[in-house]
Amino acid sequence: MNDLIYSATMSADGYIAGPGGDMSWLGPFTGADTAADELAARTGALLVGNTTYGGDDPNEGTDAEGAFGGTWHGPQFVLTHRPPTTAAPDVTFTDDLEWAVGAARAAAGERDVNVLGADVARQCLELGLLDEVVVFVVPVLLGDGVRLFDRPGGRPVRLEHIARSTEAESTYLRMRVLKD
12 MNDLIYSATM SADGYIAGPG GDMSWLGPFT GADTAADELA ARTGALLVGN
62 TTYGGDDPNE GTDAEGAFGG TWHGPQFVLT HRPPTTAAPD VTFTDDLEWA
112 VGAARAAAGE RDVNVLGADV ARQCLELGLL DEVVVFVVPV LLGDGVRLFD
162 RPGGRPVRLE HIARSTEAES TYLRMRVLKD
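Numbering-wise, the sequence shown is residues 12 to 191 according to our numbering.
FYI, nobody ran anything at the bench for these hints, they're computed from the structure. Worth double-checking, as some hints may not be accurate.
The calculated lysine to aspartate or glutamate pairs, modelled on DMTMM-like cross-linking and capped at a C-alpha distance of 20 Å, are [what the hints assert, rightly or not]:
1) K190 with D14
2) K190 with D142
3) K190 with D161
4) K190 with D155
Using the sequences and the hints, build the whole thing.
Shown next as structure tokens:
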């Protein structure tokens, strides 16, 4: 069975995007990263929020545009209440989270499903569907923006370290979600 993994690059103060979803802050921190390459190789499908899908790619217009710096290609399942009128190759739009998780797991085969987007990750966590959290912490303080997790009034969720390392410009943390 494959895992449902939420991955994100995060500032040292807990933000994965700046105000309004701005991702330009990430530019200086992109580059070769063994842990990111391994995560990309394990990924068979993406489960993506609509804001992330249509968002601000710091590599837009370059060979590095797209998931994992442009190195990953495959099926994407985008959660939205407003699907576009024109289809995109390998992209399925839906407003049904549980269906999207099942379809993404089936499309991924033996590999994992990577969740991109804080709101989608929160919803997966609340439904008990999320298996892992992978965070690349980079040395910058954003001060405001989109948090890694934002669950006001939410209960604590315990995580167990699977792996951690420091390489190049980031600290890599891989944690399993402990389910009650």
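*Looking back at the hints listed earlier, which ones does the structure fail to meet?*
Hint 4 is the one this structure does not satisfy, whereas the remaining hints hold.
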